[in-house]
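Enquirer: These are the residues of each chain, in order.
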Amino acid sequence: MKILSLEIENIRGIKSLKLTPDAKNWVIWGPNGSGKSAVVDAIDFLLSGQISRLMGEGTKGISLKEHGPHIDADPDEAYVNAIISLSGTEEPIELHRTMKDPDRLECNIEMNQRLQLALDIAKRGQHKLSRREILQYITAEAGTRAQRVQALLNVSEIERIRKALVSVENEQEKNLERCKRSVSKATNQVTKTLEIPDFNEESALELINNKRAVLGGEKISEIKHGLMKKGITLPRAVTGDQSLNVTHFRKDIGYLLEITLDETQKELEKADKELRGLLKEIREDPDLLRSLDHQKLVKQGLDLLDETGVCPLCETPWPPGELKRHLEAHLESAKTASRYQKRINALRDSLTNRIDTIEESLKKFIEASQLVGLEQERKEIAAWRENLKLLEQSLSEVMENYPISDFGTERVKKLIAPENLLQIIQNVDAKVKEKFPETTPEQNAWDTLTQLEIGVKTLEDEKELHNAAQLVCDRAHSLSESFQAARDSILGKLYTQVETGFTKLYRELHKADESSFDASITADGPSLNFEVDFYGRGSHPPHALHSEGHQDSMGLCLYLALAEELTSDVIDLIILDDVVMSVDSDHRKELCRLLHANFPKRQFLITTHDKTWANQLLHEGIVTSDSLIEFYNWHIDTGPMVNYEADMWQRIESEIAKGDIPGAASHLRRGSEHFFGTVADALQARVRFKMDAKWDLGDLQPAAMGELSKLIKKSKAAAKSWGDKDAQKRLEEIDSVRKQVYERIGAEQWVTNANVHYNNWGNFTENDFRPLVEAYQDLYKLFTCNTCDSILTVITKGYKKVGVRCACGSVNWNLSSKE
Amino acid sequence: MAKSKIEKSLTDQIIDDMLSRLKKREEFDPAIIDRIAKLAESGQLSKAKLVAGALWSSERVENEDSVA
Numbered sequence: 001m002k003i004l005s006l007e008i009e010n011i012r013g014i015k016s017l018k019l020t021p022d023a024k025n026w027v028i029w030g031p032n033g034s035g036k037s038a039v040v041d042a043i044d045f046l047l048s049g050q051i052s053r054l055m056g057e058g059t060k061g062i063s064l065k066e067h068g069p070h071i072d073a074d075p076d077e078a079y080v081n082a083i084i085s086l087s088g089t090e091e092p093i094e095l096h097r098t099m100k101d102p103d104r105l106e107c108n109i110e111m112n113q114r115l116q117l118a119l120d121i122a123k124r125g126q127h128k129l130s131r132r133e134i135l136q137y138i139t140a141e142a143g144t145r146a147q148r149v150q151a152l153l154n155v156s157e158i159e160r161i162r163k164a165l166v167s168v169e170n171e172q173e174k175n176l177e178r179c180k181r182s183v184s185k186a187t188n189q190v191t192k193t194l195e196i197p198d199f200n201e202e203s204a205l206e207l208i209n210n211k212r213a214v215l216g217g218e219k220i221s222e223i224k225h226g227l228m229k230k231g232i233t234l235p236r237a238v239t240g241d242q243s244l245n246v247t248h249f250r251k252d253i254g255y256l257l258e259i260t261l262d263e264t265q266k267e268l269e270k271a272d273k274e275l276r277g278l279l280k281e282i283r284e285d286p287d288l289l290r291s292l293d294h295q296k297l298v299k300q301g302l303d304l305l306d307e308t309g310v311c312p313l314c315e316t317p318w319p320p321g322e323l324k325r326h327l328e329a330h331l332e333s334a335k336t337a338s339r340y341q342k343r344i345n346a347l348r349d350s351l352t353n354r355i356d357t358i359e360e361s362l363k364k365f366i367e368a369s370q371l372v373g374l375e376q377e378r379k380e381i382a383a384w385r386e387n388l389k390l391l392e393q394s395l396s397e398v399m400e401n402y403p404i405s406d407f408g409t410e411r412v413k414k415l416i417a418p419e420n421l422l423q424i425i426q427n428v429d430a431k432v433k434e435k436f437p438e439t440t441p442e443q444n445a446w447d448t449l450t451q452l453e454i455g456v457k458t459l460e461d462e463k464e465l466h467n468a469a470q471l472v473c474d475r476a477h478s479l480s481e482s483f484q485a486a487r488d489s490i491l492g493k494l495y496t497q498v499e500t501g502f503t504k505l506y507r508e509l510h511k512a513d514e515s516s517f518d519a520s521i522t523a524d525g526p527s528l529n530f531e532v533d534f535y536g537r538g539s540h541p542p543h544a545l546h547s548e549g550h551q552d553s554m555g556l557c558l559y560l561a562l563a564e565e566l567t568s569d570v571i572d573l574i575i576l577d578d579v580v581m582s583v584d585s586d587h588r589k590e591l592c593r594l595l596h597a598n599f600p601k602r603q604f605l606i607t608t609h610d611k612t613w614a615n616q617l618l619h620e621g622i623v624t625s626d627s628l629i630e631f632y633n634w635h636i637d638t639g640p641m642v643n644y645e646a647d648m649w650q651r652i653e654s655e656i657a658k659g660d661i662p663g664a665a666s667h668l669r670r671g672s673e674h675f676f677g678t679v680a681d682a683l684q685a686r687v688r689f690k691m692d693a694k695w696d697l698g699d700l701q702p703a704a705m706g707e708l709s710k711l712i713k714k715s716k717a718a719a720k721s722w723g724d725k726d727a728q729k730r731l732e733e734i735d736s737v738r739k740q741v742y743e744r745i746g747a748e749q750w751v752t753n754a755n756v757h758y759n760n761w762g763n764f765t766e767n768d769f770r771p772l773v774e775a776y777q778d779l780y781k782l783f784t785c786n787t788c789d790s791i792l793t794v795i796t797k798g799y800k801k802v803g804v805r806c807a808c809g810s811v812n813w814n815l816s817s818k819e
Numbered sequence: 001m002a003k004s005k006i007e008k009s010l011t012d013q014i015i016d017d018m019l020s021r022l023k024k025r026e027e028f029d030p031a032i033i034d035r036i037a038k039l040a041e042s043g044q045l046s047k048a049k050l051v052a053g054a055l056w057s058s059e060r061v062e063n064e065d066s067v068a
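As given, the protein sequences belong to chains A and B, one line each in that order. First residue of the first sequence: 1, per the working numbering; consecutive thereafter. First residue of the second sequence: 1, per the working numbering; consecutive thereafter.
Isolated chain B, as found in the complex (with noise of 0.2 Å):
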């Protein structure tokens, strides 16, 4: 069967992109990288709040405010 180069959508392609770019910066451990790439996979990266959970899911502080 043909390849298609459209198999993986463009949104797809950009969240790959943007995943490895994360991959090397030291702000970022794989856990949250593994969390952002999760939201991504269910589609809820454009949900504002559980990007922000996921952010401060390695942090103990906690924090109710700044997940808002």
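The following block holds chain A by itself, in its conformation from the complex (with noise of 0.2 Å):
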């Protein structure tokens, strides 16, 4: 996308302006407060509906509403148009947007995959750079420059689906664990029925055998619980209520008693004492909590490993058995936090099984103590098995939540009984003596398989459960891992190219003091470390050592490598809003030749208060004379004062044609003397020494018009020397259109020696003036390239001048003759 005209109507600083770069590069300069950056605002708002300018830090209380409009316009009198061309779309597009309706781009045609790709980048500001974004990038920690490119590289989504993904995993992991929780309940429940101390599959189903037999039911040879009650009957009932089993009843009190017994209760006081102690060790020691989560990440990778010895997160290549040394390494210092978090699951579990083995008996209790209708006794058991359930819910996620401030250790203890436990099992039992018969050992065994095959079942169903929920965790593992080695990937291979080319630029751009340059763009976790070599002392920061100006041109750098990733080929604009402003002028000019040499397709809009750096531009080719526009003044009625012919040949013209021979005047000698100065720099001309630094236009000609000719003397005796008989036809060509302009500078020496200074041009008339503008029009000629306006410069190897060229390469003169 290039930018073919523009028109301007209240925006910001802005009251009416059109502009025509037609798909050039441009330059905008003029003082602070001219209004230029109101343009890139325009461009800003028209291509992304935004002003980035109004928008993040420090901008409270601004909006695009009320502060974007020029003052005192409606938002309906704001707007930005412009004809834009886009590679693969034949026709110009015209693009439209008002304040009154900022989220509307009204655009000619139909929007198109490519225009949307464009408007994407532009909304991201991946076109555009300002000093305060190359600060950004290069005086920032390794986490907000991390951040800044990642705003430009638009990773916040990727951010966004990684957080996602690893809150699935953890999400899945703790059902695993809940679930494997549940597995072990079921199979306390089903050796709690058997009356077994641990669950064992032989002594289990014997059991179960034995209680059949009671009932003339075969022996089945595997625990299911649809065989449990396999070809027996229900017993014929003896008489009375048979509602409530009186055996197991008395089972059920005797798990609720065992609480009470002095060794279950130090056995309770000594796991929660101990649990609490070690939780509160690891909450107060924040080396001991990270080693635990880089304890799971070290495991996995090591899971991971395969024989190529590449790490499996990031595919980063490590020479064979390295990685595993490295991690184990980590492992092993990881060991103490292991041994606590190992130490933390047998005491929760301890805890927690305890709790498992009354549930069962509690739930039983209260439905028995509302068989013989004691509320109170049922009210007072059900509040104990709800505070359990708290406590058992506070243990799941012991790391976290344990222990619940409601919960002292001496309650804990006692599992939070209540304190009449005793006298309320009293109470409910001689209620169900009176109330229920003794059961006969038929009935028992039917019960107690009736209870087998509810537990079995429970048992399978939790297995199945515990199985997809292991299935779905390895996969929830398998995503998240997949979608950071990807990342890491594709990332990776961007840092590496965006590295490649911010070196390769910044070399250029240093090539006289830095041209073993070398820097290290790397992710880092969440971070984005960036390094640079410091003259082949050491990679530092790059604010650490570089000079100001040195990190401009980093930042530049950067930038300009970054945008050729990102948006290269799609938005061909860039926009650097007065950004070189602590580069010094020989490295001004080679960013001129860098972005001649490397960014051809580009382009750029320059924004600058610097008048010499504008004509830089100009001079070097970057721009031509018509897409320079200076912004003179601005004022708040008119917006920017414009002077859309920059160049000084036509404000020259305008003025004589005003009669204004002064002017004109001031102009050609003031326009002169900046022009032969770059001229005398680019040819390395002897220009008189003097301490103020104030040369005049009578110090700068003749220097410049001297080593012009003794450069064009030196080439034609280098292209004798070799034969090259084309080139001296050529040098022959330009000497004598050298001459005969020298000559009519000559014939106008009047004007230009010492006794007629060119202090008196102001008193001309427009026919003794206009001859002399002619004059050095064509002088001007001599010093520059016909095809890309640039001034033609010298070409040293160390002191000695070896050739004269062009930005462009259209002029190449050899100096060195054969020896």
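Calculated from the structure, these hints are not laboratory results. Even for Gly, the Cβ is constructed at its ideal location relative to N, Cα and C. Be careful, since some hints might not be right.
Unchecked claim - Here's a subset of chain B near chain A, in silico, CB distances under 10 Å, partners left out:
1. T11
2. Q13
3. I14
4. D16
5. S20
6. F28
7. I32
8. I36
9. A48
10. L55
Bring the two chains, given one by one in their own frames, into a single complex with the hints.
Expert: Take a look at the structure:
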């Protein structure tokens, strides 16, 4: 995308402005506050519907609606209109956006993918660079720099996805833990029903077959819920109410009373106290906490390592066995954390198992209390059960939630049992005795098998759920790992390309002093590390040792390298908004050459308050004179005061036409002083030294003219020595033109000699002054390239002048003769 | 028309790479990969609940809590 023409009405400080860059580079220069950045704002608004300067930090109380339109203008009077060219689309495209409806971009063609992509890039601000942004790239901390670069890369969406996938991973891990505990709980229930200490398939099966034998059932060979009562029938009921099995009820009472035993109390107190202590230690030691997190990651890494030795996370190659050793060393240092984790889990499981053991008994006791009509006892035991659930919940996420402040050590010791537990049990037991008959062995066997049927079914279901949870947990790990590996791979490649591009550009820009410069740009988790070589003395952050000017040029090179990767072929416009403030004159010249050589397809809009830099851009051929726009002043009623014809000759012409010869003379003299100053510098002409560095035209012009004569002569001699007839002929023609122009300047000697000083030009008539102007125009042409308009420059090897070239390479004189 | 090196956003490039990695993992069947690809296409890969739903999609056992 390039801008062909731009029309701005009532945006920011601009009242009404029309510019026609015609897809070429353009420069807007003028003093601070002349409205240059308002043009950048207007382009920003047109392409994105936003003005980035009105957003972000430090913009509280500023809004697009109120502060986007020029002061006193209504939003419907404020708009930007542009004709653009877009690669892949033949016809120019017209874009229009008003402040009244900033979200709506009017476009004379149907929105296509390429245009949408260009607008997306513009929305992220990838097409423009300001000095503020340069500092953010260079002087920021690694984390902040990463944020800025990532904002430019639009990786916030990538980060959102990563966080979501990690959250899924964590959630599924927690679910798997819950499932594991449910399996354990269901297993405990079965062992409790069978009255065995630990679950063992063989002994469990034997006990089940014993119960079945009581009811005349055949032996079964596997523990499945559907087989528990297979082939047996309900025994004939004895007299009385059979809704409660008294034998089972007594067993449940036994489990509940176990809590009050001294031995159990000591065991619970010890476990709770130790658990609280360990958690306190971990929470007060950030290193230990970090080690716990790292340990998980390192273990995963070790699990995923294959024989290639390549890192499974970022695919960085390691020498065989090296990464394994590295990870094992990490794991070793995390052993302390690992010991803590293991002990905490063991204590948690011990307390949870205790709760599981009485959970089912409590449920049955509550039912029994209800059956015998003891409401108060029922309520107290139900409250106990609810408390236990809370305690279990807190234990299930032990690292985060244990202990709950409500449950002090004393209460946990008794597993929060009511003080009068013994009395409650006695009351309910007495009533049960009165109401329910003793159960027969057949009924006991039947009820046990019924309980087993339920318990085994629960266990089967929990195991199935656990297996599914394990599979999904594995998937969640793989998904998160694959995403992060893909991210590291894609961003890693991008950073490598940017690093290469940045280093190349910076070396070109500073070839005189940093030809072996090197840099590294690497992602480090959420940070982006950026280090640069300091004259072969090691790598340092870019703002550690380099000067402000070097930092500016680093920021510029980094941005250009990023832009090349992010916007190339889609949005060719690059806006450099006052970005070379601290770069010195020599490096600015190199910067012009760098832009010329590396970005020929781009359209640069460069704003600057520095007239010298604006002229350098003109003389180095980055812009042509008709693309150099001067904002010479600003007023609230008019906006920027624009000199559309910033080109000196057009200005002189218009002043002559107005009869303002003194004005035209002043421009010719000042302009020529600047021009011949640039020429003298480019040709390395000898100029009389002045301590105050105030050289005037009398110092600069003769020096430049003399040097050009010498260079042509030297080049002719070189061409002759090499037998290069074409070059000889071409240089003869150039020299012939030079002589004619010099003669004309000589014919006007009366106006340039010391007797009639150029200070007197202002007193001339139009007829006197016009030939002078024409002679100077032809003189200027001798020092510039016909093709690219840049000033001819001497190329040196050490102190030796070896050639003369222009920016585009059309002029290329050899100065070295055959030896 | 010159093909730009940025025709695909970085996010899309990463997701393509991720999907090709997932295809090599035995715990992922094509139906799940398809669901994840569809979530990515509709910009919903950053919604944890939907992603978890996709991971559970081919399991017979329904577990409401786990899809939180």
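Enquirer: List, from low to high, the hint numbers that the structure doesn't satisfy.
Expert: none
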